[in-house]
Each structure stands twice: as C-alpha cells, then as structure tokens.
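Could you build the full structure based on these sequences and the hints that come with them?
Numbering (the numbering used here), first residue to last: 2 to 178.
Hints in this document: simulated from the structure, not taken from any laboratory. Source: prediction; values computed, not measured. Even for Gly, the Cβ is constructed at its ideal location relative to N, Cα and C. There could be a bad hint or two in this list.
To be verified - Below, computed lysine-lysine pairings styled on DSSO-like, alpha-carbon distance capped at 27 angstroms:
1. Lys11 x Lys22
2. Lys130 x Lys22
3. Lys157 x Lys12
4. Lys43 x Lys11
5. Lys157 x Lys168
6. Lys104 x Lys12
7. Lys157 x Lys22
8. Lys104 x Lys48
9. Lys130 x Lys43
10. Lys11 x Lys25
11. Lys168 x Lys139
12. Lys157 x Lys104
13. Lys166 x Lys139
14. Lys25 x Lys139
15. Lys157 x Lys25
16. Lys43 x Lys81
17. Lys81 x Lys48
18. Lys168 x Lys25
19. Lys81 x Lys25
20. Lys168 x Lys104
21. Lys22 x Lys12
22. Lys12 x Lys25
23. Lys22 x Lys104
Said to hold, decoys possible - If you anchor each label on the Cβ, the simulated ranges turn out as follows:
24. Val172 x Leu41: 26 to 34 angstroms
25. Asp71 x Ala129: 18 to 26 angstroms
26. Asp71 x His32: 42 to 50 angstroms
27. Leu41 x Lys139: 15 to 23 angstroms
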Amino acid sequence: MADAARTTVKKDLGEGDPSDKWKKSITRAEHSPIRLIEFLVKTEDVKSWITVHNVRHRIGIEHFVSTQRDDRTGVSRDDKPQGTLVDYEFLVNLQELMTICRKRFCRQAHAETQAFWHGVVDALLADAKSASVLMPVKDLLVPECVARGGMCPEMKCCGFNGSGKGKDLLVDYWEAT
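Laid out in structure tokens, this is it:
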C-alpha cells in the first residue's frame, strides 16, 4: 500500500512500514492504495438471511457461500427456512470493509447482521497479522452517521448520532491524526 501511494505522488519506492498516523490518514481519506489491503474471512454456521444482507455489497468484496442446492444437500431448497445455517467466506479490501461497517454498524441494520460484522472486526483485531494492519485504523470502522460528521443519511434516523456513544465515536473518528 505504501509503495502504491508513493507511486501516485511520483516518489521512489520506500523501505519499512509507514507510521500509524500515515496509515490512518490515507485510510480516512479513502485514497485508492487502501484497496490493496485485503482480509480473507471464513465463518461457519451463519444464518442464510445474514449472508443475503452481506452479498448486497459487491465492490471490493468476493463472497463464497456454501450451497443449498438440492442435488448437493439431498434436501429441497423449498424445505429450507431462511435461518438455515451456511458457511460463508469472503475476501474484502479495506475500502469495502469501511463501507460495509458504515451500513451494517448502523442501528437501522438488523441486530444480528450488526453483531455479525462486529464479530468480523473483533476476529480481525484478534488475528495478529490482520490486527497489525487494522489496529491503526479501527476507529474508522464506524456507522455512516459518524463518518459523515454526525449527519444521518437514512430516511428514518435511529438517533445514534446524538447518543453518548455516538458522540464518543465522532470524537475518536474525527480526532487529528
């Protein structure tokens, strides 16, 4: 990512890891090199309808959901409820992870979908390799209203942007880097 950023400003390739401050700045600015940071996430026993929410996201993410085909499972799809558990794997870049968090951390998203994405972020932060990349920018994984400086774009605002936790996230998100 750092060398791609250097290329965009006509600088020579560098050595070493850039500072956390730089990582947060380029990520907050959503410059294109952040799309080179990718995370592969594999989950099991996810309700099918939650994966349906997730596959609505399509730019910067590849989805792999276990089949429910009749010829593979021996059970008619018509007999399977939306809550059927499936395995779900995806490859997501940092740009899209931020976008998904903006939509799925919103309290307008279903509570179980919110919990799924909070679990994804927690798992990434618990993984040493992922955490080394994600830790400096974890404060940027916020609901849409926080990323928009407190302005909610939803047709029906949930009020999170005016709550104590919402105000705290605003401060963390917009603090000087």
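Consistency of the hints with the structure:
{"no.": "1", "hint": "Lys11 x Lys22", "verdict": "holds (21 angstroms)"}
{"no.": "2", "hint": "Lys130 x Lys22", "verdict": "holds (19 angstroms)"}
{"no.": "3", "hint": "Lys157 x Lys12", "verdict": "violated (46 angstroms)"}
{"no.": "4", "hint": "Lys43 x Lys11", "verdict": "violated (37 angstroms)"}
{"no.": "5", "hint": "Lys157 x Lys168", "verdict": "holds (19 angstroms)"}
{"no.": "6", "hint": "Lys104 x Lys12", "verdict": "violated (35 angstroms)"}
{"no.": "7", "hint": "Lys157 x Lys22", "verdict": "violated (35 angstroms)"}
{"no.": "8", "hint": "Lys104 x Lys48", "verdict": "holds (19 angstroms)"}
{"no.": "9", "hint": "Lys130 x Lys43", "verdict": "holds (15 angstroms)"}
{"no.": "10", "hint": "Lys11 x Lys25", "verdict": "holds (21 angstroms)"}
{"no.": "11", "hint": "Lys168 x Lys139", "verdict": "holds (17 angstroms)"}
{"no.": "12", "hint": "Lys157 x Lys104", "verdict": "holds (14 angstroms)"}
{"no.": "13", "hint": "Lys166 x Lys139", "verdict": "holds (16 angstroms)"}
{"no.": "14", "hint": "Lys25 x Lys139", "verdict": "holds (9 angstroms)"}
{"no.": "15", "hint": "Lys157 x Lys25", "verdict": "violated (31 angstroms)"}
{"no.": "16", "hint": "Lys43 x Lys81", "verdict": "holds (22 angstroms)"}
{"no.": "17", "hint": "Lys81 x Lys48", "verdict": "holds (11 angstroms)"}
{"no.": "18", "hint": "Lys168 x Lys25", "verdict": "holds (20 angstroms)"}
{"no.": "19", "hint": "Lys81 x Lys25", "verdict": "violated (44 angstroms)"}
{"no.": "20", "hint": "Lys168 x Lys104", "verdict": "holds (18 angstroms)"}
{"no.": "21", "hint": "Lys22 x Lys12", "verdict": "holds (19 angstroms)"}
{"no.": "22", "hint": "Lys12 x Lys25", "verdict": "holds (20 angstroms)"}
{"no.": "23", "hint": "Lys22 x Lys104", "verdict": "holds (25 angstroms)"}
{"no.": "24", "hint": "Val172 x Leu41: 26 to 34 angstroms", "verdict": "holds (32 angstroms)"}
{"no.": "25", "hint": "Asp71 x Ala129: 18 to 26 angstroms", "verdict": "violated (42 angstroms)"}
{"no.": "26", "hint": "Asp71 x His32: 42 to 50 angstroms", "verdict": "holds (46 angstroms)"}
{"no.": "27", "hint": "Leu41 x Lys139: 15 to 23 angstroms", "verdict": "holds (18 angstroms)"}
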